[in-house]
Structures are given as C-alpha cells and as structure tokens.
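Participant: Protein chains in written order, with numbering that gives the first Met the number 0: chain C, 0 to 650; chain V, 0 to 316.
Hints may be right or wrong, so weigh each one.
Unchecked claim - Computed Cβ-Cβ distance ranges for the label pairs, DEER-style:
| no. | chain 1 | residue 1 | chain 2 | residue 2 | range |
| --- | --- | --- | --- | --- | --- |
| 1 | V | Ile180 | C | Ala598 | 34 to 44 Å |
| 2 | V | His54 | C | Glu595 | 52 to 62 Å |
| 3 | V | Ala92 | C | Arg603 | 41 to 51 Å |
The hints are simulated quantities; they were obtained by calculation from the structure and are not laboratory data. Don't be surprised by glycine CBs; every beta carbon is placed ideally from N, CA and C.
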Amino acid sequence: MSEIWNDPVLRPILAVLAFGAVAYVLSRATAAVGRLLALAAGICVIVCGAFLAAEVPTDCPLVGAIAVGQLSLPIRFAVTHLGCLVGIGAGAFAVLIALYSFRGMAGEYWEGKFYAYLIWALAGACLVGWAGSFFTLLLGWELVTVMLFLMLNQGQPGAEIGAAKTYGVLGFADACLLLAVALMLSPGVAGKLQPGQPMYNLALPARAAPLLAGSLGAIGYAIYALLLVAALAKAGAVPLHTWLPAAAERAPVSVMAYLPAALDKLLGIYLLARVALDVFRPDHTMQLILMSIGAVTIIAAVFMAMMQHNLKRLLSFHAVSQVGYMVLGIGTGTALGIVGGLFHMLNNAIYKSGLFLMSGTVGRAAGSDEIEDMGGLARRLPVTFVCGAVAAAAISGVPPFNGFVSKWLVYQGALSLHSGLGAVMLVVAVFGSALTLASFVKVLYSAFLSRPPVEAAARIAAARENFSMAAPMVVLAAGCVVLGLFPHLVVGNVLVPAVQPVLPKAAEEVGSSVWGMAGGEAGQWSPFTAFVLIVLGILGGVVLLGIFALKKVRVVRPFLGGELGIGEDRYRMPGTGFYETVKRMPALKPLLEHGERGAMDLYRWFGRYGGGVVQTLRAQHTGLISLYVAWVMVGLAAVLAYLLMAGYLKS
Amino acid sequence: MSVPAIILTYLAAAAGTLLLGLAAKWFDRKVTARVQYRKGPPWYQPVADVLKLLHKETLVPSTGRGAGFLIAPAIALGATALAAAMLWAPLFAHEGSFLGDLIVVIYLLVIPPLATILGASASGSPHAAVGASREMKLILAYELPFVLALLVGVIHSGWTLQLGKMAADQQGQAGATLYSISGVLAMIVAILAVQAKLGQVPFDLAEAECEIMSGVFVEYSGPPLALIYISRAMLLATLPLLLILVFWGGLKLTLTGVPAFLGKYLLLLTLVTLIRNTNPRLRIDQAVRFFWLGLTPLAVLAAVLALVGRYKGLSWL
Chain C
0 MSEIWNDPVL RPILAVLAFG AVAYVLSRAT AAVGRLLALA AGICVIVCGA FLAAEVPTDC
60 PLVGAIAVGQ LSLPIRFAVT HLGCLVGIGA GAFAVLIALY SFRGMAGEYW EGKFYAYLIW
120 ALAGACLVGW AGSFFTLLLG WELVTVMLFL MLNQGQPGAE IGAAKTYGVL GFADACLLLA
180 VALMLSPGVA GKLQPGQPMY NLALPARAAP LLAGSLGAIG YAIYALLLVA ALAKAGAVPL
240 HTWLPAAAER APVSVMAYLP AALDKLLGIY LLARVALDVF RPDHTMQLIL MSIGAVTIIA
300 AVFMAMMQHN LKRLLSFHAV SQVGYMVLGI GTGTALGIVG GLFHMLNNAI YKSGLFLMSG
360 TVGRAAGSDE IEDMGGLARR LPVTFVCGAV AAAAISGVPP FNGFVSKWLV YQGALSLHSG
420 LGAVMLVVAV FGSALTLASF VKVLYSAFLS RPPVEAAARI AAARENFSMA APMVVLAAGC
480 VVLGLFPHLV VGNVLVPAVQ PVLPKAAEEV GSSVWGMAGG EAGQWSPFTA FVLIVLGILG
540 GVVLLGIFAL KKVRVVRPFL GGELGIGEDR YRMPGTGFYE TVKRMPALKP LLEHGERGAM
600 DLYRWFGRYG GGVVQTLRAQ HTGLISLYVA WVMVGLAAVL AYLLMAGYLK S
Chain V
0 MSVPAIILTY LAAAAGTLLL GLAAKWFDRK VTARVQYRKG PPWYQPVADV LKLLHKETLV
60 PSTGRGAGFL IAPAIALGAT ALAAAMLWAP LFAHEGSFLG DLIVVIYLLV IPPLATILGA
120 SASGSPHAAV GASREMKLIL AYELPFVLAL LVGVIHSGWT LQLGKMAADQ QGQAGATLYS
180 ISGVLAMIVA ILAVQAKLGQ VPFDLAEAEC EIMSGVFVEY SGPPLALIYI SRAMLLATLP
240 LLLILVFWGG LKLTLTGVPA FLGKYLLLLT LVTLIRNTNP RLRIDQAVRF FWLGLTPLAV
300 LAAVLALVGR YKGLSWL
C-alpha cells in the first residue's frame with residue numbers, strides 16, 4: 000500500500016480523488032468546503048504536474064494490475080510532454096472555473112456536489128494525461144464521461160435531454176475505446192507484439208516506436224478506427240458532435256466552460272495525438288480521412304454557428320468547428336501541422352473557456368441567452384466586454400492573439416504537403432476563420448454594443464462586474480495575449496520535444512518558423528515585434544485624435560433621417576438579422592435547413608431507425624405462447640444449422 | 000534586423016504609404032473627373048481635405064460607446080500601416096519577408112474592415128448597424144475567392160507562402176504568374192476582391208450614401224473621419240502592391256524594373272478607378288452571390304489549372 004502512495008503520479012491523483020470524496024460527503028452541509036477543495040485540488044495538480052514535467056519522458060513502474068479471470072489489466076503511468084500539458088492545463092482550468100463558480104453557481108441546490116464532480120473530473124483528466132497503459136486511460140476516460148453526465152443533468156429544467164444525448168454519444172465513444180482495448184488483448188494482435196512496443200499488454204509507453212497500422216492486418220485498422228471514434232467524439236468532431244449543442248443550451252455555464260470547452264478538447268485531441276505519435280504511424284489513407292473530417296468539421300459547424308441566435312448554442316457549434324483545425328493539423332502528419340494542431344488544442348481551450356464564461360456573465364446580466372434580448376452591456380460590463388473581444392479575436396485568428404499562431408502553423412502544415420488536397424484544406428480553413436469572425440461580430444454587436452430592448456433596459460442597467468466572475472476571464476484573456484506574443488513558451492518547450500522522437504525534422508521545420516518568434520530575427524515572424532508595431536500604429540492614430548479630436552467634442556443625437564425616438568425599439572437593429580442574406584443563398588438554404596433539423600446528427604438517425612427496430616421487435620410480443628414456442632424452434636434450428644455447417648457436429 | 004531598425008523601417012513605410020495613398024486618392028479623383036468630363040481637383044486636394052477634417056469638431060452620438068467609437072479608426076490605421084510595411088519590405092529586399100507572411104498579410108487586411116464594423120456598432124445608429132452587417136457579409140463574400148486566387152500565385156511559385164520568395168521566383172526562370180491562363184483568371188478575381196476590400200463601387204454597400212447615408216460612417220465627423228480617410232487611402236495604396244507581389248513579379252530594382260513596376264501600379268489603380276466609375280452598386284445578396292457563385296468557381300478553375308500546370312510542367316497553364 001505504501002508503494003502505491005509513494006508513486007509520484009498516483010499520489011496527486013489519489014489526493015484529488017480524496018478531495019472529491021470529502022467535498023461530496025460535505026456537500027449537503029456546506030458548499031464552502033467544496034470551493035476550497037476544488038481550488039486546492041487544481042493547485043495540487045498544477046504543482047505536482049510541474050514537478051513531473053521536470054523529468055519527461057519517463058515510463059513509471061507498474062503500479063498494480065486488476066485481474067479479471069485470466070486477464071491482468073495493468074495500471075501504470077508514463078510521464079510525457081503532452082501528458083504534463085494536459086494535466087497542468089486541466090488543473091489550471093479547474094482553478095479558474097472553481098473561482099468563477101463561487102458566484103456563478105452560488106445558490107444552486109447542487110452547488111456542493113458540483114465541486115465534488117469538478118474535482119473528480121480533474122482526477123479523471125490526470126489519469127488520462129499520465130496514463131501508461133490503455134486500461135488506465137480507459138479508467139480516467141470513463142470517469143470524465145460520467146462526471147460530465149452528472150453535471151449536465153443538473154442544469155435548467157429540460158437539461159436531462161441534452162445530458163442523455165451526451166451520454167448516448169460519449170457512451171458509444173467509450174464503448175469504442177473499450178472495444179479497441181479488448182481487441183488489443185486478442186490473440187491476433189497480442190501475438191504479433193514485442194515487449195516495449197505500444198499495446199503490448201496494453202502498454203502506452205512514453206517512449207515508443209509507433210507501429211504501422213498495416214503491420215497488424217485488418218484488425219490494426221479496426222483498432223485505429225475505434226480509437227479515432229473515441230477521440231473524435233470526445234473532442235466533438237462532425238459527425239459525432241451533436242451532443243455539444245444539445246447539452247449547451249440548458250447546462251450551467253461553469254460546466255460548459257470546464258468540460259466540453261476545455262477538458263474534453265484536451266483529452267480528445269490528446270488521445271488523437273498520442274495515437275498518431277506513439278501507437279500507429281498514420282498512412283496516407285488515414286491522413287486523408289483525418290484531414291477530410293477536419294475540413295468538414297470546420298466548415299459545417301461554423302455555418303451552423305453563424306445561424307444560431309442562442310449564445311450558448313452558438314458557442315457550442317464553434318467548440319465543434321475549432322476541433323476541425325486540430326484534426327486537420329494532426330491529419331497532415333507533418334511536424335508543422337501536428338505542432339499547430341496541438342497548440343490549437345491548448346489555445347482553443349483557453350479562449351473557448353473564456354467565451355463560455357463571458358456568455359454566463361452576459362446571460363446573467365440580460366436574464367436570457369437569446370442574443371436578441373441583450374444589448375448595451377459594454378457600458379455595464381467593460382471587463383467582460385474586453386475579455387470577450389480578445390477571446391473572440393483569438394478564436395477568429397486575428398493577429399497577434401494565440402489563435403492566429405496555431406492556425407498559421409496548421410495552414411503551413413497543410414500547404415507543405417504540396418498537393419491539391421493540402422491547398423483545398425488551406426482554403427477551407429482560412430474561409431472557416433472568416434466565418435468564425437462573422438459570427439463573433441454578431442455576438443459582440445448584439446450583446447455589448449447594440450441598444451438593449453426597452454423591456455430589458457432596466458435589468459441591464461443594473462448589471463455590475465463581479466470580481467470572482469471577472470478574474471478568470473481576465474486570466475484567460477491574458478493567456479490568449481501571452482501565448483500569442485510568446486508562442487515558443489509552449490511550442491518550443493513542450494510541443495516540439497513531444498513530436499521530435501517521431502518526426503526528427505520537427506525542430507528544424509517548426510524551428511525555421513517558430514524559433515524566430517522568440518527573438519524576431521531577420522526573415523522570421525516575430526509576433527511580439529508585430530504587436531509593438533501595430534500598437535505603435537494605433538498609438539499614432541490615438542495621438543492624432545488626442546491632439547485634434549478631443550479639443551472640441553460635442554455629444555449629439557444620432558442621425559435618423561430626421562426622425563426622433565432613438566430610444567424606441569422600432570429603431571433598434573438586433574443582431575439576429577445580420578446574416579439572413581447568407582442564410583437565403585440558393586445553394587446554402589436547403590443545406591442549413593437540413594443541418595438545423597439534424598441531418599448530420601448520427602444520434603438522431605440511430606434514434607429514428609433504432610426505434611423502428613425496437614418497435615418491430617416489440618410488436619412480436621403478443622403474449623401468445625404458441626408464437627414464443629415457434630420463435631424458440633426457429634432459433635434452435637438456426638443454431639443447429641450453424642453448428643452443422645461449421646463442422647462441429649461431424650463426429 | 001534589430002528592433003529599432005524594424006521600427007524605423009515600419010515608420011518609413013507607414014509614412015511613405017500615407018503619402019502614396021493621398022496621391023492615389025488624388026489620382027482616383029482625377030481619373031473619375033476625366034471619365035465624367037470634369038477637370039478634377041488639384042493635386043493637394045486630399046491633403047487639404049484631411050487637414051480640414053482634423054480641425055473640425057468631433058461629434059459623438061449620444062447612443063454610442065465613445066471609447067470604442069473613437070478608437071476603431073485608430074485600430075484600422077495601425078493594421079493598415081503594418082500590412083503596408085510587410086508588403087514594402089519584400090518588394091525592396093526579398094529577405095525582408097518571413098515564412099508564411101502572406102497569411103499574416105491576409106489576416107491583417109481583415110482588421111481594418113473589422114475595426115470599421117466595431118466602430119459602426121459602437122455608434123448605436125441603426126444605419127450604421129445595417130452597414131456593419133453588410134460589411135461583414137461582404138468580407139465573407141470576397142474572402143473565399145480572394146484566398147483561392149492568391150493560392151494560384153502560391154502554387155505557381157512552388158508552394159511558398161513567403162512573399163519575398165514568390166517575387167523572387169517570378170523574377171527567375173518561371174516568369175510572372177500573370178503570364179499564364181490561371182494567372183489571368185486569378186488576377187481578374189483578385190482585382191474584383193480588392194475592389195470590394197476597398198469598399199469601392201460596385202461593392203460600396205456598407206456605405207451606400209443614398210440608401211443608408213454612409214452606413215458604417217454615418218456618425219463619424221471631424222478628426223475620426225480624417226483617420227478613416229487616411230487609412231482608406233493607405234489601403235488603396237497598399238492593395239495593388241499585394242497583387243503585384245503575388246501575380247506580377249514584384250519590384251526589380253533595375254533601370255527597367257522600376258518604371259515597369261510604376262506602370263503596373265498605375266495600371267492597377269486606373270483599373271480600380273474605372274471599374275468604380277462604370278458600374279452601378281450591387282445589392283448585398285447580389286454581391287454575395289456574385290462572389291460565391293460567380294467568382295469562386297472561376298477561382299477554383301484557375302487553381303485547378305495552376306495545379307495541372309505545376310504537375311505537368313506547363314508553366315503557361
């Protein structure tokens with residue numbers, strides 16, 4: 000037992016699990032303990048993660064094994080660059096979301112339990128991040144899914160529908176992961192593996208030579224496909240994305256910002272990257288499939304997002320769309336693309352989490368999540384506005400924020416394939432980012448800059464900033480700026496070493512574009528210099544304005560073609576009408592309508608046709624004993640026929 | 000290059016672009032006047048306009064967010080200046096560009112219209128809001144064919160996203176991208192996209208004086224309007240540079256190269272002016288349809304031709 004407690008990876012995880020248990024036990028009595036424990040758990044993970052990160056990559060010794068019949072399922076850990084990024088990132092998000100929830104979740108009947116779930120989800124994320132065997136990974140993966148379900152289930156009335164859908168899709172994904180793990184143990188695979196190789200006795204080692212998927216035959220491809228489904232569903236790529244918008248509408252914003260926006264992205268893309276880097280070396284077909292999934296995800300989801308009028312739903316579609324960039328980047332198989340995709344994973348978690356928090360603050364102030372009910376909040380919530388604008392610029396890839404750097408790496412990765420396909424991907428990705436910008440222009444306009452509707456005006460005028468809700472947003476917005484200006488902090492220190500063993504030219508390729516980011520040497524892009532220059536330009540304009548404009552300022556009534564009544568709703572232009580023209584475009588209209596009705600929703604298709612099968616079967620239950628006997632006879636005959644044909648009954 | 004040197008280069012490029020932009024504005028007005036059988040303004044008219052605006056009082060709408068409303072033109076100016084500097088650098092020295100700077104320029108060029116949209120939104124005027132929504136839709140409309148067209152240049156110069164290398168490649172054996180079928184098609188698409196980026200007729204729907212009373216700019220006056228005027232002028236001076244770098248061989252610092260560059264530059268400027276003087280304004284749905292259903296297939300065709308040409312070694316394709 001003491002050995003288990005001495006394991007440097009298991010120790011923090013066990014501690015976090017214990018924190019969660021304490022928070023759960025005390026949840027009925029007081030939520031205050033839960034708050035503190037959530038902060039403590041997050042900080043504990045960050046600190047322990049930092050210590051672990053000092054010695055990467057390391058394969059830890061076997062912690063223990065769970066015996067199931069003849070099978071022995073190993074629990075072991077491995078400390079990798081990516082794992083530390085996921086672990087420390089999850090800890091940081093836990094701290095920020097817990098802080099936001101001090102106010103954001105205050106007064107909810109399940110506030111105490113929320114912190115317990117939050118802490119346990121953090122433990123699950125750490126298990127995944129530092130997993131050294133697929134079984135450990137599976138344990139953490141399941142833990143996070145269950146916590147997500149429990150948290151989503153508690154939102155506004157009607158939240159259970161979204162929660163059930165989430166559990167349906169993610170449960171399917173988890174089943175795929177389980178099946179993949181089971182296949183790894185099958186004789187056809189296990190017999191071909193050597194000790195030290197990935198998947199040998201479920202190992203997921205820190206330093207592995209990836210296998211060629213083809214070397215295991217068809218079963219190798221099956222395992223790869225199952226792992227892919229698990230990773231993509233968790234991250235939320237098309238067509239396994241529909242749980243996100245379904246859950247977003249009624250779930251508490253703290254939950255959305257913590258799990259689907261941050262942790263699930265980190266975990267899903269982490270698995271995708273580990274599979275691509277450490278388990279299977281993707282071949283050309285796989286790259287093609289991944290890149291296509293990425294491109295479709297980017298464009299389909301962003302069009303859907305643009306048409307949404309519910310702020311949380313809109314954000315959830317963007318949470319889907321951004322996954323496309325990561326999948327696309329990793330799918331290129333080039334060092335630039337993979338590093339870009341992984342960097343985008345982190346960046347997306349930062350700004351998307353910030354945007355969800357922004358939507359929570361805004362929704363609270365306006366009393367509604369519909370953007371037509373909002374307006375004029377820039378005056379009341381200036382900090383939220385600035386943070387929201389920074390995050391919106393970052394997600395749209397406006398330089399010099401972090402989203403731009405990672406997208407820029409992904410674009411270069413796609414183009415370095417020197418093929419028509421890479422070019423198509425590049426165009427799709429750039430266009431997707433223009434569409435992203437468009438939908439955030441709508442959000443910023445509607446929520447912050449447009450005039451509020453008359454009936455909501457009094458409520459909006461009373462809105463005030465609150466420290467515990469604003470501080471996490473400020474931290475996340477600062478993250479967008481810092482990672483945008485100094486991307487080498489993560490790219491150079493974490494991501495390049497992570498891909499270096501598999502793609503030896505990574506340092507050279509990425510270095511030729513990213514090392515320069517540090518110093519701004521000639522011939523290389525320095526975001527910091529660019530930032531200084533752009534600020535210089537803006538300052539020039541401001542100085543001009545200061546000299547001339549602020550001398551004589553007069554506040555006037557805006558021009559309405561001679562009409563009065565600017566305060567009235569008839570002169571208010573809500574943001575909902577911004578893209579009606581685009582919506583009515585000949586080719587797009589039917590597509591968008593089908594999309595809105597769930598044409599891309601696998602869950603719905605399964606529901607419809609699965610329901611049909613169930614109804615057919617149910618119709619057979621007539622209660623007539625003779626019918627049941629007839630079915631039994633038919634079944635018996637079928638079994639006999641199979642056994643005869645298979646040659647079991649010869650003797 | 001050290002940081003002070005970079006800053007000096009940038010300031011020189013910004014100032015140069017400003018002067019060139021005002022000259023281009025004058026050129027535009029003069030050509031317009033000639034088309035309309037008028038004499039046109041004297042050469043210093045744009046400068047006089049800016050100076051006059053700078054000394055007017057600043058009107059701020061009561062419904063607006065003052066800070067956002069006033070700072071938006073400054074943001075547009077900063078981004079335009081940086082984009083201009085990043086285009087001048089590879090023109091004069093091919094080493095003046097860095098890996099992937101084409102993408103940075105594309106993104107920087109989105110910031111001025113974005114600032115316009117935010118400024119318009121912050122004014123609280125319904126006319127400006129209509130204008131802002133049109134401006135955003137216009138960005139969506141032209142961005143797709145524009146990127147596709149630039150891609151043709153990228154393919155022609157051997158898959159590089161570096162402007163300096165693109166220019167160097169075109170000055171070498173391969174010749175300018177424009178001197179090929181795909182290059183011509185791409186150039187046509189790009190010029191029309193540039194027309195929209197500049198907010199010139201037939202794509203001036205965000206302003207549309209006679210419909211929504213200058214739309215995005217309806218509440219601007221005095222010095223902030225002067226800033227908008229300046230950044231628009233700089234954009235007018237900058238965008239032909241991008242076209243020349245990507246499609247038309249950049250600038251060769253030789254006895255024949257410099258006049259050739261000037262000729263190309265003036266030709267592009269004249270073309271933009273002539274298009275604006277000979278076409279009526281489109282409706283927003285027509286504009287979106289024009290770019291997505293008209294120009295995008297054309298740009299795709301150009302890209303496919305360029306790809307085929309690249310693989311088969313047919314540089315004329």
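Participant: Hints first: check each against the structure and report whether it holds.
Facilitator: We went through each hint and held it up to the structure:
Take Ile180(V) and Ala598(C): their Cβ atoms lie about 39 Å apart, and the range 34 to 44 Å holds. One distance hint, 52 to 62 Å for the beta-carbon pair His54(V) and Glu595(C), holds here, with the actual separation near 53 Å. Separation of Ala92(V) from Arg603(C) is about 58 Å and departs from the stated range, judged on CB atoms against 41 to 51 Å.
Checked against the numbered hints given earlier, this structure breaks only hint 3.
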